[in-house]
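Quick note, the sequences are listed as chains B and F, same order. Everything in the first sequence is counted per our numbering, starting at 74 for the first residue and increasing by one. Everything in the second sequence is counted per our numbering, starting at 78 for the first residue and increasing by one.
If you're looking for bench data, these hints aren't it; they were derived computationally from the structure. Possibly wrong hints are sitting among the right ones.
Restraint-style ranges between C-beta atoms, simulated for each label pair [claimed, not checked]:
id : chain 1 : residue 1 : chain 2 : residue 2 : range
1  : F       : Arg179    : B       : Lys303    : 29 to 39 angstroms
2  : F       : Arg180    : B       : Gly152    : 26 to 36 angstroms
3  : B       : Ala206    : F       : Arg179    : 40 to 50 angstroms
One side of the interface only, derived from the structure: several residues of chain B facing chain F at Cβ under 10 angstroms [to be verified]:
id : residue
4  : Thr95
5  : Cys132
6  : Gly133
7  : Ser232
Calculated Cβ distances over 10 angstroms to all of chain F for the following chain B residues [unchecked claim]:
id : residue
8  : Asp104
9  : Val122
10 : Glu161
11 : Ile169
12 : Asp175
13 : Tyr189
14 : Thr192
15 : Pro196
16 : Gly256
17 : Ile276
Note that this is a predicted model, so its numbers are computed, not measured. We put the CB at the ideal spot given by N, CA and C, even for glycine.
What follows is the residue order along each chain.
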Amino acid sequence: MRVKFKIYRYQPEVREEPYFDTFEFDAEPTDRVLDGLNHIRWQMDGTLVLRRSCQQGICGSDAMRINGANRLACKVLIGDVGAKITIEPLMGFRVIKDLVVDMDDFFEQYRSVLPYMITEKPPPEVERLQSPAEREVYDDTTKCILCAACTTACPSFWSNRDFVGPAAIVQAHRFIFDSRDEGTDERLEVLGERDGVWRCRTIFNCTEACPRDIKITRAIGEVKKAIALKGA
Amino acid sequence: MSQPTNVGLRSWIGYRGGSGYLLWLLHRATGLGVLMFLALHIVNIFLLGFGEEVFNKLLYLYQAPWARAMEVFLLFGVTFHAMNGLRIIIQDAFPRAWLHQRRLVAVEVVLFLAVFLPAAWIMVADFLGGAG
Numbered sequence: 074m075r076v077k078f079k080i081y082r083y084q085p086e087v088r089e090e091p092y093f094d095t096f097e098f099d100a101e102p103t104d105r106v107l108d109g110l111n112h113i114r115w116q117m118d119g120t121l122v123l124r125r126s127c128q129q130g131i132c133g134s135d136a137m138r139i140n141g142a143n144r145l146a147c148k149v150l151i152g153d154v155g156a157k158i159t160i161e162p163l164m165g166f167r168v169i170k171d172l173v174v175d176m177d178d179f180f181e182q183y184r185s186v187l188p189y190m191i192t193e194k195p196p197p198e199v200e201r202l203q204s205p206a207e208r209e210v211y212d213d214t215t216k217c218i219l220c221a222a223c224t225t226a227c228p229s230f231w232s233n234r235d236f237v238g239p240a241a242i243v244q245a246h247r248f249i250f251d252s253r254d255e256g257t258d259e260r261l262e263v264l265g266e267r268d269g270v271w272r273c274r275t276i277f278n279c280t281e282a283c284p285r286d287i288k289i290t291r292a293i294g295e296v297k298k299a300i301a302l303k304g305a
Numbered sequence: 078m079s080q081p082t083n084v085g086l087r088s089w090i091g092y093r094g095g096s097g098y099l100l101w102l103l104h105r106a107t108g109l110g111v112l113m114f115l116a117l118h119i120v121n122i123f124l125l126g127f128g129e130e131v132f133n134k135l136l137y138l139y140q141a142p143w144a145r146a147m148e149v150f151l152l153f154g155v156t157f158h159a160m161n162g163l164r165i166i167i168q169d170a171f172p173r174a175w176l177h178q179r180r181l182v183a184v185e186v187v188l189f190l191a192v193f194l195p196a197a198w199i200m201v202a203d204f205l206g207g208a209g
């Protein structure tokens, strides 16, 4: 099939303002959008800049806005999005070049929720035991690959870049509801602040955008409830 | 120029979210609409201070055909904003309800139409009957 890629370009050394470039070529419907971008980069325009690494939906580096919605380019087939494909960088981050965005603030927010196991009790002789039921409580949020598709699909984040964002809340959820962890109070304090979970407006864009099908809005709801019950 | 963030009115409106996003956009728009009506209402009451004649003049304005049409929009705004707000409260209070978002949206739309359509019909029929 003949495909037309319309791609957001920002090359500050060439042109001050962002613009769109169009590329037409033949592709298979079973090719991924990332294959199309690679084709452009390797055969048509070597100046196109994008991030990708594993190309198998694991590393999360090729999240971008495809035909208006955030997706991983390596998980979307050209046949599923049609012959006209518009590619833009994630919304809300500063664009460094073309499709590459500055994710420093994103990882700063991630670190703010203490995304690691915090324990006060001395380690037992064997491992810290956990029942399958206790593991099940946070199973969904262990799947996050930090691609930022959720955070940059969130209108609350678009209008306020200090908002901690869905991805960081998902990471916090993973530890808050882990029966072995003892840092819940600290995390709930961070997330209960002005730019924490209460900025969430129940819009569901994060859940729709997540390439790992994490029920993000539900996880945020559970954290909201934990904060509310803690204060009660 | 500083680095762009690819966020603007075009990208906001153009973002292809699900039903939740459309409802949120509508929630904001209707909220703003109801707020503007409230402001008008307050100005209206405030004019009482300038005497009966001035107050009545603005009341006559409400009888204009365009104002009657706006009343239907006001009904739409208030009813939708209330129904959508109730759905969000339910989902905030019961995180498990988040799994049934599409079903809750369907219930919300049905309830909204059940309240809005008959009320709008009564208002429009009254307006047309009164005009004829």
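Each hint, compared with the structure:
Checked against the hint of 29 to 39 angstroms, the pair Arg179 of chain F and Lys303 of chain B passes, with Cβ atoms roughly 31 angstroms apart. Between Arg180 of chain F and Gly152 of chain B the beta carbon distance is about 30 angstroms. The supplied range of 26 to 36 angstroms therefore holds. Distance hint for Ala206 of chain B and Arg179 of chain F: a CB-CB separation of about 28 angstroms, inconsistent with the stated range 40 to 50 angstroms. With a least beta-carbon distance of about 17 angstroms to chain F, the hint placing Thr95 of chain B at the interface is violated under the 10 angstroms criterion.
Checking Cys132 of chain B against chain F: minimum C-beta separation of about 22 angstroms lies over 10 angstroms; hint violated. This hint is violated: Gly133 of chain B has a C-beta 19 angstroms from the nearest C-beta of chain F, more than the 10 angstroms allowed. Among the interface hints, the one on Ser232 of chain B holds; its C-beta lies about 8 angstroms from the nearest C-beta in chain F, closer than the 10 angstroms criterion. With a closest Cβ-Cβ approach of about 21 angstroms to chain F, Asp104 of chain B is found to remain outside the 10 angstroms limit, as its non-interface label requires.
No beta-carbon of chain F comes within 10 angstroms of the beta-carbon of Val122 of chain B; the shortest separation is about 14 angstroms. Residue-level check failed: Glu161 of chain B sits 6 angstroms from the nearest beta carbon of chain F, not beyond 10 angstroms. Look at Ile169 of chain B: its CB is around 7 angstroms from the nearest CB on chain F, not clear of 10 angstroms, so calling it non-interface is violated. With 10 angstroms as the threshold on Cβ separation, the claim that Asp175 of chain B sits away from chain F is violated: the shortest Cβ distance comes to roughly 7 angstroms.
No Cβ of chain F approaches the Cβ of Tyr189 of chain B within 10 angstroms, the least distance being about 24 angstroms, so the stated non-interface status holds. Look at Thr192 of chain B: its CB is around 26 angstroms from the nearest CB on chain F, clear of 10 angstroms, so calling it non-interface holds up. With a cut of 10 angstroms on Cβ distances, Pro196 of chain B stays outside the contact zone with chain F, its closest approach being about 32 angstroms. The beta carbon of Gly256 of chain B sits about 21 angstroms from the closest Cβ of chain F, which is more than 10 angstroms, so the claim that it is off the interface holds.
A Cβ of chain F approaches the Cβ of Ile276 of chain B within 10 angstroms, the least distance being about 4 angstroms, so the stated non-interface status is violated.
The structure does not agree with the numbered hints 3, 4, 5, 6, 10, 11, 12, 17 stated previously, though it agrees with the rest.
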